[in-house]
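**Q** In case you want the letters, here they are:
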Amino acid sequence: MEQLLIKIGQNLFLVFGLMALGGAATMVLAKNAVHSVIGFLFAMLSMAGCYLTIGAEFMGVAQLLVYAGGIVVLFLFVVMLVELSKSREKGLFQRQTPFALVLVVAGAVAFVGVFWRTIFGSSAAEALTLSPNLMAQGEKLGNAQMLSRGLFAEYLLPFEILSVILLVALVGAVVLAKTERV
Amino acid sequence: MPFAQSLLGSLTRDLPFLYGPLFLIVAATLMIWPGDVFVGRNNKRVWSYVASLALVAAGVIAMLTEPGAGFSNMFRVDGLTKGFQFLCILAGLITIVLSQPQLNALREQTVEYYALILFSISGMMLLVGATDLVSVYFSLELMALCVYILVAYLRTQERSIEAGLKYFLLGAFSSGILLYGISLLFAAAGGTTTNLAELNEKLATVSSNGNLLVFAGVLMVLVGFAFKVAGVPFHMWSPDAYEGAPTPITAFMSMAPKAAALGAFVRVFGTGFHGIATDWVLPLSFIAGASMVLGNVAALRQQSMKRLLAYSSIAHVGYMLLGVLSSDVQAGAQAIWLYMLTYLVMQSGAFAVIIYLQGKGEGERIDDFRGLAKRQPVLAFAMMVFLLSLAGIPPLLGFFSKFYLFKLAIEQGFVTLTVLALLTSAVAAYYYLNVVASMYFKEPVGEIERKPLSTAFTFVLTVSCALILIGTFFGPKLLDWTAKIVLG
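Residue numbers (the working numbering), protein chains in the order written: chain A, 1264 to 1445; chain B, 22 to 509.
Read the hints as simulated data drawn from the structure, not as lab findings.
All figures in this text were calculated on a predicted structure; none of them were measured in a lab.
One should not assume that every hint holds.
[Unchecked claim] Stretches of chain A that chain B covers, calculated by requiring three or more beta carbons in the stretch to come under 8 Å of a beta carbon on chain B:
1) 1264-1276
2) 1328-1337
3) 1368-1381
4) 1432-1441
[Stated by the list, open to error] Derived DSBU-like pairs (lysine-lysine); straight-line CA-CA distance at most 30 Å:
5) B:Lys498 - B:Lys395
6) B:Lys187 - A:Lys1441
7) B:Lys395 - B:Lys463
8) B:Lys498 - B:Lys428
9) A:Lys1294 - B:Lys187
Ideal Cβ positions, reconstructed from N, Cα and C, are used throughout, including at glycine.
If we strip away everything but chain A, and leave its shape as in the complex, we get (with noise of 0.2 Å):
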């Protein structure tokens, strides 16, 4: 019992992220959509739990505030203001679920296939790692400021290009929302 605790303290990324993928299925699969809501808030909590254990706590503690925080929230507000009952009864795609399936076992195979041969391939010994430089200044400067100097200096461009992305779905959910001609 003892070692099996100690096994998993381990390897808690896996477990992690095993719980994230069970949240994420719940969410697809829920019938109720407030249960999909709550999936949706389990995984991304586990991801909040992904990203402490392997050392961006400065990551983790933004996923916990915006997605668990935030985006969960927005979620509840959507299901309770719009009615969701009729679209459940229409039973849309159904008869494209055998090909899905077909094709989602297909992919998950591959996948995997490709996974197993990359980490545990003939030439096992020059294992896929991080660049050891980037761990060691992660270490050396701390979280936050990594991150910082990653947003504004390395990746400024793509950084405010989001931002005007983000203006744009602002004015895009305007456009499409107004009834009134103004």
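Please arrange chain B on chain A, whose structure you already have, making use of the hints.
**A** Just chain B now, with coordinates in the frame of chain A:
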């Protein structure tokens, strides 16, 4: 504060590369606020002039930008960037002109429409210069998000909303695939860089373990791009989105985002994945061949003119992918640029005719073109020129761009694909000529009143028609000029 100082230093050094797209973003934002406050409800048309001016100004700024690279090598101004930026701005200007009749008729003139076009074009201008997978992805999203909204712009029409939703869902899905592919490549290259040039070196020397990972990553990036340019089998969204979107936006979608995505396609695969060409040449050849065959064969059966042009644009993308396949990146980019330029001229002319007829409640179906030559001889002649040029019938402009593309493909050793392209071009000639035949040899159904063309509209029609006819005489010299523009 050495960090802040170095940041400021690099920003002042790099910012001039972005003046063109930045100008558009700032202009569009100012148009929405505070600009729109000062314009009355019935004067929204004024924004079309402002937006056109902004586009022209941004174009001039972009063309005058000094070549170079900046933003930690995420953006690069060179001949390819400028050439495709020019195409996108031209397409934007044409779209604004083409939008006028429909927006006026439906009383849907708003500032947001023009602002979204400007935002989208700024995204394209960033996309064609992006030299890092991260900046490629973000610019692609900026461009695509604006187009999703524009497709659903006529939100009171059900088919417009349906088209927008379909396009959005499939587009988001393809973005996910693209992003996952990028992350796989990032991991395979050791998790240090997403820069195209560096990635090229790293990917070529990946250990035998990572081969499969690289292959999967490249394949997914390929799928993502194929979705964006609507190559078969990732074309499903395109006919529906084309049919449901407001017609000027259909014209926009078939010109600008395609030009930008193809420009990025050439750059990403030509410079970034050049070293691992064996991984993607075969899948890409399949996509190109399938696009030619399916695009042309499916177009045969269409009754709707917009769907016909949607399928034919799939086929045209198939031809242009021959240029992406070329191992000589510059020659490929050049051939694609020339093809895209002539395609833009022909396509905008054809859409101008459709939009004009649509204003009178027809033009959607091919049957609406019956006997057009008797009712409107000039318009019918212009449409004939556009369609024959699209089909690539010899002396017209469309023939020369096709000729250069196919010549390049043969030189690069893609003989089978080129033969396929030639055969499918013959199929294409059938459905284009079918429209021409129904314009000239069929009796018109009923008498419909004539409506005068607006000045700007006549301008677009005349200029594109004249360009095609005059271009015919300069065809053989075209490639040299293109070389000067795109490579210069």
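**Q** So, for every hint listed, does it hold in this structure?
**A** Results for each hint:
Look at the segment 1264-1276 of chain A against chain B: 0 of its residues bring a Cβ nearer than 8 Å to a Cβ of that chain, fewer than three, so the hint is violated. For the segment 1328-1337 of chain A, the stated coverage by chain B is violated: 0 residues have a C-beta nearer than 8 Å to a C-beta of that chain, whereas at least 3 were required. Counting residues of the segment 1368-1381 of chain A whose beta-carbon sits less than 8 Å from any beta-carbon of chain B gives 7, enough to reach three: the coverage restraint holds. With 6 residues carrying a beta carbon less than 8 Å from a beta carbon of chain B, the segment 1432-1441 of chain A meets the three-residue requirement, and the given coverage holds.
With a C-alpha separation of about 37 Å, the suggested pairing of Lys498 (chain B) with Lys395 (chain B) is violated against the 30 Å cut-off. With a CA separation close to 21 Å, the supplied pair Lys187 (chain B) and Lys1441 (chain A) stays within the 30 Å bound. Simply put, Lys395 (chain B) and Lys463 (chain B) have alpha-carbon atoms about 9 Å apart, close enough for the 30 Å limit, and the pair holds. Taking the CA atoms of Lys498 (chain B) and Lys428 (chain B), the gap is about 15 Å. The hint holds against a cut of 30 Å.
Simply put, Lys1294 (chain A) and Lys187 (chain B) have alpha-carbon atoms about 23 Å apart, close enough for the 30 Å limit, and the pair holds.
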